[in-house]
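Chemist: Here is what each chain is made of, one letter per residue.
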Amino acid sequence: MEGIKTGFKNFDELTNGLDYRRVYSLFGNKESGKEQFIYKLVQSALSAKDAIVYVLTSKSYSDLINEFNSRGININSYLGTDFKILDDFSRTNSPSATDNSYAKILNGPLDLTGLSVSLSSANSDFIKDAKPVINIFDNLSNLLLYNNPVTVYRFLQFVVGKAKLAGITTIFSIDVAMHPPEVIETIKNLSDAIIDLKLEDGKRYFKLSGTSKEVLQFTEIE
Amino acid sequence: MAEYKGLDGVTDKDFDPYFGIAKLDEQLKGIPSKKMVLISASPSVGNEVFGYQIIHKNITSDVKVLVFLNRTSPQSYLTDMKEYDFPANDNLFIIDAYSGITGIKSDETDHIRVINNPYDKEEVKTRVLKELENGYGLFVIDSFSLLADFFDFSFADSFMNDIKQKIINKDSAAVLLFTDWGYEKQNVDKIISNVNSTIEIKGIEKRVIFGQYFAVLKCDWIEENPTFSSVLFKAIKPGGIKVYFPKILVTGPTDAGKSSFIHSASKNAVSVDKLGGTIALDHGTVDFQGYRADLFGTPGQERFDPLLKMLGGEAIGVFLVVDSTKPEQFPRAVEMLRKTETYGLPVVVIANKADLNGSLKKEDIREKLHLDSAITLVQTVAEDLSKVDPNEPIKLKEEGVNEALSALFKQLT
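Those protein sequence lines, which keep their order, are chains A and B.
Here our numbering is used: the first residue of the first sequence is 1417, the next is one more, and so on.
Here our numbering is used: the first residue of the second sequence is 78, the next is one more, and so on.
Pulled out of the complex, with its shape left as it was, chain B reads as follows (with noise of 0.2 Å):
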């Protein structure tokens, strides 16, 4: 049985097998058995990680899974699941209609059966429904463009309709791939018909492509006609699809630990500091549950102040960092949300060095910074002193940085 943590930490048991990405688990709530979920993406974008990591997450789950093969060798698609480092198990079983066609024969085993002649339609619609008899979690097509081109629509078509069939009967799900390449309307239309839920993968471009995000089209599982967004992921290697904030501002007044909070979060974070405080800015880059987010630190001294409309233009959401001993800043703190332009955002106050002599209660903090009950405050607190770098920013330990994240990646889908 698959299962999806959600930001929660909470697992959410509704349907098997599941995507294994995040936002599209917490939207549509895995795939139901005997249903069909069409992936299209635009081209320059593709959607092979998408294809990689649903695999993954289900042969690591338990689930068998097989998948059509046309557009390259199984070898090559292992390899290429290993760079984003997602490695195949037992559960993995693939039709290869690839080699054929390129005559370099690849020799059928446990886990992989071969179409002789991928250029037969019979024999690959013959061989195909046979396996899937034998009883699979999961069917992927990998690709159902490159099928359609192969062969034509009319039979993509009639293909479509036999596999669906079979999963019904087999309570197995399907998950297809497919390139839009332009093709004729009235085909594209007549396959998203066809399926129960239609996922599209884009680019954001004009000379480049500038972003990429994904959107559920429709699905005919989840009732109460929910409106799905779209939502920015990067495929990263090793990795795979994380869905992606560009920017989330952290800031708070001097010494509250912003640098901490960025170093603690990220694993990759620079500052621009001098004698301990940060004077020009901090960066670091988050993964957190199937999230990514770029992370921009302030300066808290007051002379930087002019550069604070300037960091917090284009920020999406705001981590206010206060020092709980420090209730006389307070009012610097909000000011601060003020001069970054970043007030009415969606925010997580991280009310540090809760663990210190003197510090505040949280009732206290919230009070005295006037929170609106709806806003989260988090607690955090330093690592031992005894594991810090001296030239390190000291480390906050990693249970409230964690709750602070996941607080405002769940304000921000």
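Pulled out of the complex, with its shape left as it was, chain A reads as follows (with noise of 0.2 Å):
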């Protein structure tokens, strides 16, 4: 099977893409574009019929709905269908907000319960279909800000157990920056694969290492 494709050419090239079925990290600091990374992985993923879960701990899913629409990438004709969004951050401004077809609003960063049982039942929804499922987090900073370190772990390894058994490639995202060393150590150990981003004059560099094809030099993206 072909890989992931992200959409930026010299990653692509050089990687193959991310592989399907395993466990990324995203690691890098605010300026690193990881977001960016993410949004037009989304694109190049939807495009290419795989069905995405996003987990949104930092912005509504109007924002980001706004984001992507912003960077021209057409997302409204996927949502729901191919792309659902578990939306953990809007109710801690509006308590009151509710689900629709393609987002569902959960409560908030401490109810991980909440977080893996929609979860479950986003991917079992999109397995059903036939579809090769991904389910992103942007980001794991803030369940980690405001849950203990070891909580946070237990639900990933739960998540990550889950990823496994059914076929689904998993993203972190997370702000290097905003956690002690040993915080990001573990995550490394939850996962397959580690991408690294960077800004640099004005450029932006990836590192990915422990997959088939490695890139262990900070590499322009494209």
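Heads up, some of the hints might be wrong.
Each pair of labels, with its calculated beta carbon distance range [stated by the list, open to error]:
#  : chain 1 : residue 1 : chain 2 : residue 2 : range
1  : A       : 1601      : B       : 196       : 21 to 27 Å
2  : B       : 287       : A       : 1485      : 33 to 39 Å
3  : A       : 1581      : B       : 450       : 48 to 54 Å
4  : B       : 281       : A       : 1583      : 14 to 20 Å
5  : B       : 110       : A       : 1485      : 55 to 61 Å
6  : B       : 287       : A       : 1418      : 26 to 32 Å
7  : A       : 1485      : B       : 160       : 25 to 31 Å
8  : A       : 1544      : B       : 460       : 35 to 41 Å
9  : A       : 1482      : B       : 316       : 31 to 37 Å
10 : B       : 387       : A       : 1583      : 29 to 35 Å
11 : B       : 234       : A       : 1628      : 45 to 51 Å
Hints are computed from structural coordinates only; laboratory data are not their basis.
Every residue gets a Cβ at the ideal spot worked out from N, C-alpha and C, and that includes glycine.
Make one complex out of these two single chains by using the hints.
Modeler: Here it is in structure tokens:
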């Protein structure tokens, strides 16, 4: 099976894209381009007929959709059918927000049970449609901010275990600078492969380790 | 006083408060005062709807309920409850141990008490124990596993003992909602040994979840050592927890009224038919007294007999529908049980058209069908013809339909 193309020219040529069924951690600082990486990956995966469950912890689902649209990515035609959002943010500001056909409104970062139940059910729906599924966590930093790190590891262990069993690809996005090194190490241990991103001299670079085609030196992403 | 109406429509007044969940109340007869129940769920299934339903059942039965809430804000909680059709009322009180964490303070009201610093063990403990002094019929913690995550198991354990003392003194009862994230076994065992009853909620899952069930693992107030079976359920929005029967077959001879029964028992039935006779299948979903069942009807005409075995596969119970005025079809009815390979499953016989001229009496039908005395026979009649929509199958009167559902569901649980 071909890998998941990210839409970044150099990345895809050098690495063959991301392998299905694996767990990736996407590390980088605030300006490293993690969101841009994810948005482009979403566009490319959706047009390759993959299905995506997008766990959103730092903005509302409507803001996310605006972000896609402002980048010229036509997300609207995939909403609900191939792209579902688990919004773990909106209720922080509007506690009475409720679900629609493509966005499930969760109870905030402390309710990991609610998140895991919704994730299981969204994944089941897509798998029953015989679609390859990608779970994207944008991002883990917020979950780690509110919860005990051990609680988050237990949660991630559960999520990763389920994803392996169900053949789901998982991507965790983490803001490296926000967490102590031991937290980052543990997340690495849960992952099959690590993508590092950085911004330098106005250009974006990546590294990839843990896959069959690694790129171990920072290389321009496109 | 809460009350639970079982499938008989009879009220059991053994204990108070009640779960408000079918089967659970039948098995455990509610939650006696001074008792603590742990509802332990797998992370992919969750237990929040059990919480909502238990709370709602009691606040609508005039039981004062206090909820210790640390997993979301009171407003979000009430919104979720409402979405399941469990609106709050004046009997519901919440201790908000969440808002202080997010920094968005909620205002203290008559019904919402706020813990200013939910990170402070002492404040949490003192506020809860003090509030319980006010005398609540039921105390719910949502969620107890989050509390253990937040502090540690030794705090959770000692807090639990304090609560236990308090509810014993105040004649209250408690329900702890717990998600088992794969904690160390000794920690979980200790909690389980400290409660009076444990109910486990799990998913049947491989790549996808294809079923959910609950089971009573222990209960110290039911004597005579009962065996509690696992119960399949669905969490329906709105509606809540329903005990679920995935497949019940409705079979019987041509024109006996199988489609009528399915359409009368369910709200969303579909038929594939031609000139009024079902030629492929009927399907309908029934919601009745906290139970949900999927009914599958077979065609009655003999030319479809090759399909019958397939249609009957995996059914767990049967409604056999016969026309009370046509005893000549009775051998065919029994033959259909055989052909669907459902002979021997729990069955309820529906003697339809019982009000028409020439309809046989109950005893005569029993005799002609060679029914064992243990098999329930229910008579049904059509609604007034003046109310009939010519484009829909004729509806049967509710009384007989409910009697039949109740009789079969009782055998299935």
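Chemist: Could you say whether the range 31 to 37 Å given as a hint is met by the Cβ separation of residue 1482 of chain A and residue 316 of chain B?
Modeler: holds, 35 Å
Chemist: A range of 21 to 27 Å was offered for this pair. Does it hold for the Cβ distance of residue 1601 of chain A and residue 196 of chain B?
Modeler: holds, 25 Å
Chemist: Using the C-beta atoms of residue 287 of chain B and residue 1485 of chain A, is the stated range 33 to 39 Å upheld?
Modeler: Since the Cβ atoms of residue 287 of chain B and residue 1485 of chain A sit about 37 Å apart, the hinted range of 33 to 39 Å holds.
Chemist: Given the hint of 26 to 32 Å, is the C-beta distance from residue 287 of chain B to residue 1418 of chain A inside that range or not?
Modeler: For residue 1418 of chain A against residue 287 of chain B, whose Cβ atoms are near 30 Å apart, the range 26 to 32 Å holds.
Chemist: Is the distance from the Cβ of residue 387 of chain B to the Cβ of residue 1583 of chain A consistent with 29 to 35 Å?
Modeler: With a Cβ separation near 30 Å, residue 387 of chain B and residue 1583 of chain A satisfy 29 to 35 Å, so the hint holds.
Chemist: Using the C-beta atoms of residue 281 of chain B and residue 1583 of chain A, is the stated range 14 to 20 Å upheld?
Modeler: Cβ of residue 281 of chain B to Cβ of residue 1583 of chain A: about 18 Å, so the range 14 to 20 Å holds.
Chemist: Can you tell me whether the CB distance of residue 1544 of chain A to residue 460 of chain B sits inside 35 to 41 Å?
Modeler: This hint holds: roughly 38 Å between Cβ atoms.
Chemist: Could you say whether the range 55 to 61 Å given as a hint is met by the Cβ separation of residue 110 of chain B and residue 1485 of chain A?
Modeler: Holds: the Cβ-Cβ distance is about 57 Å, inside 55 to 61 Å.
Chemist: Falls inside 48 to 54 Å, the C-beta gap from residue 1581 of chain A to residue 450 of chain B?
Modeler: holds, 50 Å
Chemist: Does the Cβ pair residue 234 of chain B, residue 1628 of chain A satisfy 45 to 51 Å?
Modeler: With Cβ atoms ~48 Å apart, the hint holds.
Chemist: That 25 to 31 Å hint for residue 1485 of chain A and residue 160 of chain B (C-beta), does it hold up?
Modeler: holds, 29 Å
Comparing the model with each numbered hint stated earlier shows that all of them hold.
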